[in-house]
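Enquirer: The sequence shown begins at 128 in my numbering and counts up one residue at a time.
Think of the hints as simulated: they come from the structure by calculation, not from any bench.
This one's a predicted model, so the numbers in the text were calculated from it and none came from an experiment.
Careful, some of the hints might be misleading.
To be verified - If you anchor each label on the Cβ, the simulated ranges turn out as follows:
hint : residue 1 : residue 2 : range
1    : GLY397    : LYS360    : 12 to 22 Å
2    : THR312    : ARG164    : 17 to 27 Å
3    : ARG260    : SER195    : 26 to 36 Å
As the list claims (entries may be wrong) - Calculated pairs, DSSO-like style, for lysine-lysine (alpha carbon to alpha carbon, straight line, at most 30 Å):
hint : residue 1 : residue 2
4    : LYS300    : LYS406
5    : LYS300    : LYS198
6    : LYS252    : LYS202
7    : LYS296    : LYS406
8    : LYS406    : LYS252
9    : LYS360    : LYS252
10   : LYS202    : LYS407
11   : LYS283    : LYS360
12   : LYS283    : LYS374
13   : LYS185    : LYS202
14   : LYS374    : LYS198
Cβ atoms here follow ideal geometry from the backbone N, Cα and C, with glycine treated the same way.
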Amino acid sequence: MHVLDVKWFLGDDGLYRHGIQAWIDEAERPVTRVLERGETITWTLVGPRRCIGYRDGKGRLQKCPERSFVKRGQKRCGPCSAMDLYDECVFCDGSICRASPERRDHCRNTNYSVYAVVFGDGTLKVGVSVRNRLLTRWLEQGADFGAVLAEIQDGKIARRIEHRLSQDKNAAKAVRFGRKVDALTTTMDLAEAERRVQAIHDNAVLSGIIGVSGSEQRDLGVESLDPYYGLPKIESVPGIWPEGRVKLQGQQVLGEVIGMKGPLLVVETGRIVTAINLKKLVGYTLDEEREVNYFSQSSLLEHL
128 MHVLDVKWFL
138 GDDGLYRHGI
148 QAWIDEAERP
158 VTRVLERGET
168 ITWTLVGPRR
178 CIGYRDGKGR
188 LQKCPERSFV
198 KRGQKRCGPC
208 SAMDLYDECV
218 FCDGSICRAS
228 PERRDHCRNT
238 NYSVYAVVFG
248 DGTLKVGVSV
258 RNRLLTRWLE
268 QGADFGAVLA
278 EIQDGKIARR
288 IEHRLSQDKN
298 AAKAVRFGRK
308 VDALTTTMDL
318 AEAERRVQAI
328 HDNAVLSGII
338 GVSGSEQRDL
348 GVESLDPYYG
358 LPKIESVPGI
368 WPEGRVKLQG
378 QQVLGEVIGM
388 KGPLLVVETG
398 RIVTAINLKK
408 LVGYTLDEER
418 EVNYFSQSSL
428 LEHL
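The whole structure should be built from the sequences, with the hints applied where relevant.
Expert: Quick look at the structure:
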C-alpha cells in the first residue's frame, strides 16, 4: 500500500469517513484504506519513499510512470511535478497566475469560499476551498470550528483575499501538528470561536476587496465540527509520532484506533495514547502483513 495522502470523504450513508489514500498493487485508480475506530493496525513502513504521481487536467491522480524515488520534503519527482496541473495553484496568492490556460479558465468559472477555521487552542487560520468540498476541507485540517467569510467566482480573487487576510494579526499562516495535538485536550465554546472569527470578518481588507470584486460577503455563521469527528474524550495530551527527523524506514506501528482528526490518527498501544501524523507517511509503502509485536514498538514507545 503506497501512501498518497490522508483522506476524508462523505459516505453513501451521509456520514464522513477517514483513512489513507493509496496505490495498491496494479490498480489503475487510487483506493482509500478506511480506518475504523476499534480496529487494530499493524504497519511496517517500507522505503525508500516514492513519487505519488500527478494530477491530470480533470484532477484525477495518475501513477508515476517510473515509480521514482523522492527526496525528503518532496512528494513528486521532477517529471510528475511538471505534469501536475494543480501544483501551481497550491501556492497561488492571487497576484500572478502560473497555471496552464485551461486550468486558469476552469478556476475563473468555479465557485470558491474564503473561510476561517478555529482550532481548540484558539488558533485561527484563513483558507480557500472549492465551495462543494468546503466541509471536507475543514475536516482535513482537523479544525474545531469553521465559518465562510465570502463566496467568490474565480479562484484568483479568492486567493488574493486569503493572502491579504492571512496577514491579519489574529490569523496564523499555518498550524503546527503539535498545536493540533494539544487541541485534543482543550475545549472552546461556540461563543469564543464566534468572537475570534468576528475579528477577521470585520477586517476592513475583506470588505474592501469584496467591494471592488463584486463578490458576496457572508453573514457570520460559525459551525462546530466536533460531531463529525466522533472522538472520545482524551484526558491527557498524547505523545506525538513521528517526532523530529527520526528515520521512518523500517519503523513499525501497532495500536488500536481511537479515531482521527484531520491528519492526526489517535491510537492506543497498551495504556499509551499516541497521535500519529499521517502526512509523514506519504510516499512510503505500508506493509500490513508483516508481523509486529508490542516489544518492537520503537516507533511508538521510545520517543514518548
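Enquirer: Taking the hints in turn, state whether each one holds.
Expert: Now the hints, each set against the structure:
no.	hint	in the structure
1	GLY397 x LYS360: 12 to 22 Å	holds, 19 Å
2	THR312 x ARG164: 17 to 27 Å	holds, 18 Å
3	ARG260 x SER195: 26 to 36 Å	holds, 29 Å
4	LYS300 x LYS406	holds, 18 Å
5	LYS300 x LYS198	holds, 25 Å
6	LYS252 x LYS202	holds, 24 Å
7	LYS296 x LYS406	holds, 28 Å
8	LYS406 x LYS252	holds, 19 Å
9	LYS360 x LYS252	holds, 24 Å
10	LYS202 x LYS407	holds, 11 Å
11	LYS283 x LYS360	violated, 40 Å
12	LYS283 x LYS374	violated, 39 Å
13	LYS185 x LYS202	holds, 20 Å
14	LYS374 x LYS198	holds, 13 Å
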